[in-house]
Amino acid sequence: MSVRVQQEDFDVGAEIEALVRGNHKIGGVASFVGVVRDVAGDQPIEAMELEHYPGMTEKKLAEIEAEANQRWPLEASLIVHRTGRLAPGERIVLVVTASAHRKAALDSCAFLIDWLKTKAPFWKLEETADGGKWVDARDADDSAARRWIES
Amino acid sequence: MSVRVQQEDFDVGAEIEALVRGNHKIGGVASFVGVVRDVAGDQPIEAMELEHYPGMTEKKLAEIEAEANQRWPLEASLIVHRTGRLAPGERIVLVVTASAHRKAALDSCAFLIDWLKTKAPFWKLEETADGGKWVDARDADDSAARRWIES
Amino acid sequence: MKILYFAWLRTKIGAASEEVEPPDEVSDVAGLLDWLRRRGGGYADALKEPSLVRVAVNLEYVGYDHPIAAGDEVALFPPVTGG
Amino acid sequence: MKILYFAWLRTKIGAASEEVEPPDEVSDVAGLLDWLRRRGGGYADALKEPSLVRVAVNLEYVGYDHPIAAGDEVALFPPVTGG
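Chains as they are written, first to last, in my numbering: chain A, 1 to 151; chain B, 1 to 151; chain C, 1 to 83; chain D, 1 to 83.
Treat the hints as calculated values from the structure; they're not laboratory data.
Among the hints, erroneous ones may be present.
With a straight-line Cα cutoff of 20 Å, these simulated SDA-like cross-link-like pairs (lysine to any residue) come out [as the list claims (entries may be wrong)]:
1) B:59 x C:58
2) C:2 x C:61
3) C:12 x B:131
4) A:59 x A:3
5) B:119 x C:57
6) B:25 x B:74
7) A:119 x D:64
8) A:25 x B:89
9) B:59 x C:79
10) B:133 x C:8
11) D:12 x A:49
12) C:48 x C:30
13) A:103 x B:138
14) A:119 x D:53
15) A:25 x B:86
16) B:59 x C:59
17) B:103 x A:40
18) A:133 x A:87
19) A:59 x A:118
20) B:25 x A:38
21) B:119 x C:52
22) C:12 x B:132
23) B:59 x C:54
24) B:133 x B:44
If you want a taste of the chain B side facing chain A, the calculated C-beta under 8 Å gives, among others [as the list claims (entries may be wrong)]:
25) 13
26) 29
27) 30
28) 32
29) 33
30) 100
31) 103
32) 106
A few chain A residues that don't get close to chain B, going by computed Cβ distances all over 10 Å [claimed, not checked]:
33) 41
34) 42
35) 129
Predicted, not measured: the structure shown is a model, and the values here were computed from it.
All C-beta atoms in this analysis are idealised placements derived from N, C-alpha and C, irrespective of residue type, glycine included.
My request is simple: use the sequences and hints to build the entire structure.
Below, the structure written as structure tokens:
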């Protein structure tokens, strides 16, 4: 169980390997990688700038991860979120969950990224030819997070 | 969109990178890795032997992948399944899906592994101290696959 | 007609595949299974529980009423357990 | 009391953080936002739409009725958009 906020890129394969190595109770590993797209609506973007609230970010991510560990029997979990300026195609965020069975791994991975998107204090600025524009929060993200409240 | 059956291990990070590189429409990449556990029920296992039906396997995996591409707007997808003798901790299967948005990637990844478990002609033999035992199909796998029929 | 056996059907029957020439009245999957079962021994043992036997003809899952013909590849196997 | 501003609240107000000493009658988050809004300029602009302003006190999300005290760290920011 671990959470990191960093400017540097991460190596998905190496992160997964380090997380699960030697734990032979693990039968399934789910992961999600968020990537910078090259468009915002119809407009091409040149880069994405990711700002966050140091201290609160790590606290919220750790809380979200603890919640996932309460809901599912996880053997290991990891959240890595980058900050700073990222070009299209660059990785933004990594979520990995590992469990004895695949359903716990898959569901908790979806839970973590849904909650991270609505609770962790990160903000995206999209740089287009017209200048920078702060990304609006998406209603779809709120409803994605809400579906975990009933379950 | 690609499907492979092989004896060799795969490198999760390299597979994901090769699949998404250069496609800047991709905003989310979901993956699942199945791993050999060290127990079968209460009994420690020494290894797992994976048999399959060459020809039919590739055909079913390609059909399953085509079905996922019909249901979700995927930018890329990959299934790799190993055969032969695998020790606890070794990777068995990799599913990767990539889409503009995370929900399509996460849902289609879960769909692919659920269907693969009930439709692709693979069989597992668990080697324990008492000898080899063919793994029984799990009802939980059937119900996991069935939930995709209604949606 | 080529028949393939997988997993415990293969080990019980003691063969991974064989060429068979069933009589003309064996026209569908159910008939083929009956004909094989009547061979006794490993065949009778492997095929005694029809609910545990899946059938593919020419790489496609089929039901017991599916017709079979001389050039077909028929595969018999238990419910799949991969992934 | 330290106040932090993030994303477009930061750019509209023109500061990432500041030390403030609100008068004693400013006892909760709603009072603090009113007091800041009355400074006008970037403050009035940034805080004019309360539904778009999220508040954390000492690293925890709070509502507008949450009490504030001299040593608190208060953060004001728009709905989050990470991940």
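Now the hints, each set against the structure:
1. Taken as a hint, the residue 59 of chain B and residue 58 of chain C pair is honoured in the structure, with Cα atoms around 11 Å apart against an allowance of 20 Å.
2. A hinted pair counts as satisfied when its Cα atoms are at most 20 Å apart, and residue 2 of chain C with residue 61 of chain C qualifies at roughly 16 Å.
3. For the suggested pair residue 12 of chain C and residue 131 of chain B, the alpha carbons sit about 15 Å apart, so the restraint of at most 20 Å is met.
4. For the proposed pair residue 59 of chain A and residue 3 of chain A, the alpha carbon gap of about 9 Å is at most 20 Å, so the pair holds.
5. Only pairs whose Cα atoms come within 20 Å are accepted, and residue 119 of chain B paired with residue 57 of chain C is accepted, the gap being roughly 15 Å.
6. Among the hinted pairs, residue 25 of chain B with residue 74 of chain B is consistent with the structure: their alpha-carbon atoms are about 10 Å apart, no more than 20 Å.
7. A C-alpha spacing of about 18 Å is found between residue 119 of chain A and residue 64 of chain D, which places the hinted pair at or below 20 Å, so the restraint holds.
8. Pair hint residue 25 of chain A plus residue 89 of chain B holds up; C-alpha atoms about 8 Å apart against a cutoff of 20 Å.
9. A distance of roughly 17 Å separates the Cα atoms of residue 59 of chain B and residue 79 of chain C; the hinted pair therefore holds under the 20 Å criterion.
10. For the proposed pair residue 133 of chain B and residue 8 of chain C, the alpha carbon gap of about 9 Å is at most 20 Å, so the pair holds.
11. Taken as a hint, the residue 12 of chain D and residue 49 of chain A pair is honoured in the structure, with Cα atoms around 17 Å apart against an allowance of 20 Å.
12. For the suggested pair residue 48 of chain C and residue 30 of chain C, the alpha carbons sit about 13 Å apart, so the restraint of at most 20 Å is met.
13. Restraint check for residue 103 of chain A and residue 138 of chain B: satisfied, since their Cα atoms lie roughly 13 Å apart, inside the 20 Å limit.
14. Annotation: proposed proximity of residue 119 of chain A to residue 53 of chain D holds, straight-line Cα distance about 14 Å (limit 20 Å).
15. Note on residue 25 of chain A and residue 86 of chain B: the hinted pairing holds, with a Cα-Cα distance of about 15 Å set against a maximum of 20 Å.
16. With a C-alpha separation of about 8 Å, the suggested pair residue 59 of chain B and residue 59 of chain C falls inside the 20 Å cut-off, and the hint holds.
17. Proposed proximity of residue 103 of chain B and residue 40 of chain A is supported: the alpha carbons are some 18 Å apart, at most 20 Å.
18. Of the pairs offered as hints, the one joining residue 133 of chain A and residue 87 of chain A holds, with about 15 Å between alpha carbons and a cut-off of 20 Å not exceeded.
19. A distance of roughly 14 Å separates the Cα atoms of residue 59 of chain A and residue 118 of chain A; the hinted pair therefore holds under the 20 Å criterion.
20. For a cut-off of 20 Å, the pair hint linking residue 25 of chain B to residue 38 of chain A stands: about 6 Å separates their Cα positions.
21. For a cut-off of 20 Å, the pair hint linking residue 119 of chain B to residue 52 of chain C stands: about 15 Å separates their Cα positions.
22. Taking the CA atoms of residue 12 of chain C and residue 132 of chain B, the gap is near 13 Å; set against the 20 Å cutoff, the hint holds.
23. Pair hint residue 59 of chain B plus residue 54 of chain C holds up; C-alpha atoms about 17 Å apart against a cutoff of 20 Å.
24. About 12 Å separates the Cα atoms of residue 133 of chain B and residue 44 of chain B, which keeps this hinted pair within 20 Å; it holds.
25. Given hint, residue 13 of chain B at the interface with chain A, holds; its Cβ is 2 Å from that chain's nearest Cβ, closer than 8 Å.
26. For residue 29 of chain B, the interface hint holds, the least distance from its beta-carbon to any beta-carbon of chain A being 4 Å, beneath 8 Å.
27. Look at residue 30 of chain B: its Cβ gets to within about 5 Å of chain A, closer than 8 Å, so that hint holds up.
28. For the restraint placing residue 32 of chain B at the interface with chain A, the shortest Cβ-Cβ distance is roughly 5 Å, inside the 8 Å limit, so the hint holds.
29. Among the interface hints, the one on residue 33 of chain B holds; its C-beta lies about 4 Å from the nearest C-beta in chain A, closer than the 8 Å criterion.
30. Against a cut-off of 8 Å between C-beta atoms, the interface hint on residue 100 of chain B holds, since the closest Cβ of chain A lies about 7 Å away.
31. Against a cut-off of 8 Å between C-beta atoms, the interface hint on residue 103 of chain B holds, since the closest Cβ of chain A lies about 7 Å away.
32. At about 5 Å, the closest approach between the beta carbon of residue 106 of chain B and any beta carbon in chain A falls short of 8 Å, and the interface hint on this residue holds.
33. The Cβ of residue 41 of chain A sits about 12 Å from the closest Cβ of chain B, beyond the 10 Å cut-off, so the non-interface label holds.
34. Consistency note on residue 42 of chain A: stated as away from chain B, and its beta-carbon is indeed over 10 Å from all of that chain's, at 13 Å minimum.
35. Distance check for residue 129 of chain A against chain B: the nearest CB is about 16 Å away, which clears 10 Å, and the non-interface claim stands.
This entry satisfies every hint, going by the numbered hints stated previously.
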